[in-house]
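A.B. asks: Remember, our numbering sits 1246 above the position in the sequence shown when you count from 1.
What the hints contain is simulated information worked out from the structure, not anything from laboratory work.
Even for Gly, the Cβ is constructed at its ideal location relative to N, Cα and C.
Among the clues, some could well be false.
Straight-line Cα separation of at most 25 Å, PhoX-like style, residue types lysine-lysine; simulated pairs [to be verified]:
#	residue 1	residue 2
1	Lys1257	Lys1328
2	Lys1275	Lys1326
3	Lys1283	Lys1327
4	Lys1326	Lys1316
5	Lys1327	Lys1316
6	Lys1277	Lys1316
7	Lys1328	Lys1316
8	Lys1283	Lys1316
9	Lys1326	Lys1257
10	Lys1257	Lys1316
DEER-style ranges, computed between Cβ atoms [stated by the list, open to error]:
#	residue 1	residue 2	range
11	Arg1285	Val1318	46 to 54 Å
12	Arg1273	Asp1324	20 to 28 Å
13	Ile1357	Arg1276	50 to 58 Å
14	Leu1368	Val1320	32 to 40 Å
15	Ile1357	Val1320	20 to 28 Å
16	Arg1273	Ser1339	29 to 37 Å
17	Val1356	Lys1316	45 to 53 Å
18	Arg1313	Ala1254	30 to 38 Å
19	Arg1306	Arg1285	36 to 44 Å
20	Tyr1341	Glu1280	39 to 47 Å
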Amino acid sequence: MEVNTDAAIQKLLALEEVFLNVLETFRNKRKVLEKIKLRNQLLGASESASDITQTDPLPRENSALARIQKLVEVQLCDLKKKIHAELDQITSSNYNMDLSGLFASNVGSVISSFRAVSPETLHGALGTFTDTGENFQRRSPPSAVCRQ
1247 MEVNTDAAIQ KLLALEEVFL NVLETFRNKR KVLEKIKLRN QLLGASESAS DITQTDPLPR
1307 ENSALARIQK LVEVQLCDLK KKIHAELDQI TSSNYNMDLS GLFASNVGSV ISSFRAVSPE
1367 TLHGALGTFT DTGENFQRRS PPSAVCRQ
């Protein structure tokens, strides 16, 4: 594997390592909990001579699981969006876009035909839309939370 000496890439690799360490810590704690629960189930099964069955989480477990789930669904999702935005900034600062072909195709004449819309005009169009009940198409379907 080739060593990259770019400072930005080195910083990203260091940050990636932080994320991987957090994930590894999560996995290790889950594995420890699995072993503890399995041991407890085996001890309980031998004492009561019943089969090992899946038990419902304890109230303290439920509370902790709910907090972890909220962290993942809300804060981690928000963090993911923010990190993606910052990574996009880094990417765009390194991406050169050649627009000469676009300008050669007289796109300027099309763009110059656009005109600003006043709030009154927009309000009138909205009123017409709501009065006539015309349907419109979404540009993209709504996505699930924290996908991509």
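A.B. asks: Could you run down the list of hints and mark each one as holding or not?
C.D. replies: The hints, checked one at a time:
With a C-alpha separation of about 17 Å, the suggested pairing of Lys1257 with Lys1328 holds against the 25 Å cut-off. At most 25 Å may separate the alpha-carbon atoms for a hinted pair to count; Lys1275 and Lys1326 meet this at roughly 23 Å. Distance hint between Lys1283 and Lys1327 is unfulfilled; the C-alpha atoms sit about 35 Å from each other, more than 25 Å. Using a Cα cut-off of 25 Å, the hinted pair Lys1326 and Lys1316 holds, with the two alpha carbons roughly 14 Å apart.
Of the supplied pair hints, the one linking Lys1327 and Lys1316 holds, its CA atoms being roughly 16 Å apart against a limit of 25 Å. Annotation: proposed proximity of Lys1277 to Lys1316 holds, straight-line Cα distance about 21 Å (limit 25 Å). With a C-alpha separation of about 17 Å, the suggested pair Lys1328 and Lys1316 falls inside the 25 Å cut-off, and the hint holds. Of the pairs offered as hints, the one joining Lys1283 and Lys1316 holds, with about 24 Å between alpha carbons and a cut-off of 25 Å not exceeded.
Restraint check for Lys1326 and Lys1257: the C-alpha separation of about 17 Å stays at or below 25 Å, so the hint holds. At most 25 Å may separate the alpha-carbon atoms for a hinted pair to count; Lys1257 and Lys1316 exceed this at roughly 29 Å. Between Arg1285 and Val1318 the CB atoms are about 27 Å apart, so this pair departs from the stated range of 46 to 54 Å. Between Arg1273 and Asp1324 the Cβ separation comes to about 23 Å, which falls inside the hinted range of 20 to 28 Å.
Take Ile1357 and Arg1276: their Cβ atoms lie about 55 Å apart, and the range 50 to 58 Å holds. Taking 32 to 40 Å as the suggested C-beta distance range, the pair Leu1368 and Val1320 conforms, at roughly 33 Å. One distance hint, 20 to 28 Å for the beta-carbon pair Ile1357 and Val1320, is violated here, with the actual separation near 40 Å. Look at Arg1273 against Ser1339: about 34 Å separates their beta carbons, and that is inside 29 to 37 Å.
Our hint of 45 to 53 Å for Val1356 and Lys1316 holds, since their Cβ atoms are close to 48 Å apart. For Arg1313 and Ala1254, the Cβ-Cβ distance of about 35 Å falls inside the hinted range of 30 to 38 Å, so the restraint holds. Taking 36 to 44 Å as the suggested C-beta distance range, the pair Arg1306 and Arg1285 does not conform, at roughly 19 Å. Between Tyr1341 and Glu1280, the C-beta spacing of about 45 Å keeps the proposed range 39 to 47 Å intact.
Hints 3, 10, 11, 15 and 19 from the list above are not met by this structure, while the remaining hints are.
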